[in-house]
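**Student:** What follows is the residue order along each chain.
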Amino acid sequence: MAMFDQGQAGAILNAVLRQSTTASTTGIKLRLGTSAPTATANMTELSSSGYTSGGTVMTFNAASAAATSNSSSASWTNGGSTWSLVGLELWDEAGSPVRWLFGSWTGQPISIANGNVFQVAAAGVAASLV
Amino acid sequence: MTLPGFAPEPLRVSCLGCGTEAWTYDYQHPGRAVECGCCPAPHDHDANAASCSLEHEGDCGKGVPGCRVCRPVAIFGTAHLRMFDPAELLEALGEDAPQSLEVTEA
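Listed in order, the protein sequences are those of chains A and B.
Heads up, the first sequence is in this note's numbering, so the first residue is 1 and it goes up one at a time.
Heads up, the second sequence is in this note's numbering, so the first residue is 131 and it goes up one at a time.
Fair warning: there could be bad hints in the mix.
Listed next, the stretches of chain A that the computed footprint assigns to chain B, with coverage defined by at least 3 CB atoms under 8 Å from CB atoms of chain B [unchecked claim]:
hint : segment
1    : 105 to 116
2    : 121 to 127
Distance windows between CB atoms, simulated [unchecked claim]:
hint : chain 1 : residue 1 : chain 2 : residue 2 : range
3    : B       : Q158      : A       : E93       : 30 to 36 Å
4    : B       : Q158      : A       : L17       : 17 to 23 Å
5    : B       : C166      : A       : E93       : 38 to 44 Å
6    : B       : Y155      : A       : L17       : 42 to 48 Å
7    : A       : T21       : B       : Q158      : 42 to 48 Å
8    : B       : H159      : A       : T21       : 31 to 37 Å
9    : B       : E221      : A       : G79       : 37 to 43 Å
10   : B       : C148      : A       : S72       : 32 to 38 Å
Hints were generated in silico from the structure; no laboratory data involved.
Cβ atoms here follow ideal geometry from the backbone N, Cα and C, with glycine treated the same way.
Okay, chain A solo, but in the shape it has when bound (with noise of 0.2 Å):
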C-alpha cells in the first residue's frame, strides 16, 4: 500500500474502529528525500547544504471530496553538489516525529543543480484516499 506509513494506517484504523485517538501534535513536516520511502522503510533524507533535516513546516487544507493539499508553500536553494530528489515524507511534529505518509516526486529523480531552487507551490503535494 503506497502512502501510508504502516504504524500510523494501523493507528487511523483504530482511531476509526476502537475509537482510540491517534498522538495530538503542532504540524506537519514535509522532507525531502534521495531514495523512496516505502510503508516500512523511511526513504534516505537529503543532506546537502541549503536543506535542514527534519523538514519544513507544511499546512494543509480542510479535507474535501475524501482529498486535500498543501496550502502552504516551501523552497529550499542547492548550495552544495547536485540533489537528486526522489521520495516526500510527511511527519509530524512530536517530540519524537512520527512519519504519516509518504511518495515520490512526479518525474523523479529531479535533478536540483546548486544554485538552483527547488520548490513546492501551494497544491502542489496533494493527498486523496480515493
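Following the hints, complete the assembly by docking chain B onto the known chain A.
**Tutor:** What follows is chain B alone, placed relative to chain A:
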C-alpha cells in the same frame, strides 16, 4: 480521463532573474527549459563554470566573479499521494492476468 499522477507530468521551471516560466519533461536538466534574456543560451543553470563557459563562450558561470548572464531557476515539484500506487496496480494486474484468462476445459 487521466488521473493526476498516472501519466508523466511536466515540471514547471521559472527563471529567478526575470520570472520567465517554462515546462519540461527533462527532469534531469530542468534548468535547460528556460530561455530568456537572463540566460539566452540553454544550459543547466548550474554553478559548473566549465559547462557554463562552453555554452556562453567564457562569458558565464554562476558563482564565477564577473558573471553577467547566468541566473538560477526555481523548479516546482509536485506529488500525488494516494492509497494505491499506479505502478503497484499495474503490477498486480499483470500478475492476475494469466489466472483470469485461464480456460478450464470440462
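**Student:** Next, verify each hint and record whether it holds.
**Tutor:** Going through the hints against the structure:
For the segment 105 to 116 of chain A, the assignment as covered by chain B holds, since 12 residues bring a beta-carbon within under 8 Å of that chain's beta-carbons and 3 suffice. Only residues whose C-beta sits within less than 8 Å of a C-beta in chain B count toward coverage, and the segment 121 to 127 of chain A has 5 of them, enough to reach three; the restraint holds. For the pair Q158 of chain B and E93 of chain A, the beta carbons lie near 33 Å from each other, so the given range of 30 to 36 Å is met. For Q158 of chain B and L17 of chain A, the Cβ-Cβ distance of about 45 Å falls outside the hinted range of 17 to 23 Å, so the restraint is violated.
Judged by the Cβ atoms, the range 38 to 44 Å given for C166 of chain B and E93 of chain A holds: they are separated by roughly 39 Å. For the pair Y155 of chain B and L17 of chain A, the beta carbons lie near 43 Å from each other, so the given range of 42 to 48 Å is met. For the pair T21 of chain A and Q158 of chain B, the beta carbons lie near 45 Å from each other, so the given range of 42 to 48 Å is met. Separated by about 47 Å at the C-beta atoms, H159 of chain B and T21 of chain A break the suggested range of 31 to 37 Å.
A beta carbon spacing of about 39 Å between E221 of chain B and G79 of chain A agrees with the range 37 to 43 Å that was offered as a hint. For the pair C148 of chain B and S72 of chain A, the supplied restraint of 32 to 38 Å is violated, since their beta-carbon distance comes to about 25 Å.
The structure does not agree with the numbered hints 4, 8 and 10 stated previously, though it agrees with the rest.
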